[in-house]
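*Asks:* Sequence order for the protein chains is A and B. Read in order, the letters of the first sequence correspond to residues 1 to 284 in this note's numbering. Read in order, the letters of the second sequence correspond to residues 1001 to 1191 in this note's numbering.
Don't take each hint at face value.
Cross-link-like lysine to aspartate or glutamate pairs, in silico, EDC-like; alpha carbons within 16 Å at most [to be verified]:
id : chain 1 : residue 1 : chain 2 : residue 2
1  : A       : K251      : A       : D204
2  : A       : K235      : B       : E1179
3  : A       : K39       : B       : E1179
So the derived list for chain B, only partly shown, Cβ under 7 Å to chain A, looks like this [claimed, not checked]:
id : residue
4  : R1031
5  : F1076
6  : E1149
7  : P1191
Hints were generated in silico from the structure; no laboratory data involved. Note that the Cβ used here is the ideal one computed from N, Cα and C, for glycine as well.
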Amino acid sequence: MNCSIVMELLSDYYDGELEASRRAQVQKHLATCDRCRAKLDEFQELSSFVSGQPVASSSANWLRLESALDSTKEDGDSELVQLAPGSTNSSKFVVWIGIAASILLLAAGVWKYSSKHSGMSHQHEFTAEFGRYLDQFDRDPVAAQEILLQLYEHDRIPAAEMSERLGYSPATSGGLPEGYTHVSTQVLKMPCCTCVQTICERSDGTKIALFEHDDDGSKEWFGERPASMESCNNKVCQLVNLNNKYAATWKRGSRYITLIGVRDKNEVGTFVSWLDQELQLDEG
Amino acid sequence: MASNFTSSDSHSTMPESVDERLLLLCREGDRMAQQSLYDMCQPLVSRVTAKIVGQQDAPDVTQNVFLQVFRKLNSFEGNARFETWLYRLTVNAALQHLRKLNRRKVESLVEEPMSRNPTDEQSHAQRELLDEALQRLSPDLRVIFILKEVESKPYEEISTIANIPAGTVGSRLTRARQELRRHLIDLGWEP
């Protein structure tokens, strides 16, 4: 095997991609050829230099991407009506229609910008308000509940009337997992959504709040609190750290369930399994 | 408080196979699932785009990659590994970006001065040296070099990702290595 063939195969040899017999032939050549061996050493030097570099970290920006995903979705809904080029008699008409359409689009853009920004400040307000509730929940769930009831319109609907008034059976209408007792259920009209909120109590007297809602409001509800995605009894759940406890959110059918004040993944899994069972019974 | 939750380090090595249930939720537009997939994949995508297009343009290209991921997820049929498919989208997006710019060299980012200790300064200088030399390679050779030396991909996978015949990976790598070494020496590297 001569140098030109070995040079062709040098990277394959270096990266361990040659089959055994070819590898042996290259190895035999390298044993006696200083020039080719020097080239191989250069490969090694380069690899060492590259592997010794720290990997530059680039800040992850999910919020920016989410914004782009949302606006891609919105843009897909809008269409421009194109006017076909007309005769000379209607050409001025076409131009004026074009100008009018441009003005309307500009006005729509300004409205969208300002409503989006006023929407953003409402969102921040809600995040702060809900944040107070979350902070208080661990210390004093009763006081935390008072915060929500003072802030938002609410309606305590008797269990028997829930399905009729809401148009669907709430997740907890079939009861709660063993070891939990029902304290209260109310409909809360929060800025983000209208929720069915159930307060339940563990056997040790401590409480969990369960919210059933239509939108995935994780960003509004929890702001920038640390969150992670976990599998709880085969359900992908978002877990948010609330200092001593957690909030867990997952999709159940067409709605979302958020638990406030869970202790651990096992407890989330208990509710996931129970509510999934109830969903299957409802759909069956 | 001792946590019973699995500590999910979102910047650790991407799992070999992404859970099919997670992909299903992403296809349905579930934002939580999409964020989870993003957290899993972002380190890989950012790393590779930064090496191909440079640090300055990497965030925009990274975003484009993910927009494509979520747009094209329905067409990912699972007959290839998700990671390979992601690499391919990333490389194609980066090369397309370079073609639009129609330049082989990316201007160095003028960084804000920050205090670094001497060891950090040296590391930083060496990384800049490597990045500058990489930008002097043709985009195609740059991609192949990165996939092998940075991402440690086998030739077969490099061939799939870069859409080149498997038999040509070795010879292209030899060219990339030789040219990169020349550029590094021109820039002051002392091997």
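*Asks:* Now look at each hint and say whether the structure bears it out.
*Replies:* Going through the hints against the structure:
1. A:K251 with A:D204: Roughly 28 Å separates the two Cα atoms, so the pair is violated.
2. A:K235 with B:E1179: violated (50 Å)
3. A:K39 with B:E1179: holds (12 Å)
4. R1031: At 5 Å from the nearest chain A Cβ, R1031 of chain B passes the 7 Å test, so the hint holds.
5. F1076: F1076 of chain B check fails; min Cβ-Cβ to chain A is 17 Å, beyond 7 Å.
6. E1149: Hint holds; E1149 of chain B Cβ to chain A Cβ min 5 Å, cut 7 Å.
7. P1191: holds (5 Å)
Going down the numbered hints, you'll see the structure goes against 1, 2, 5, while the others check out.
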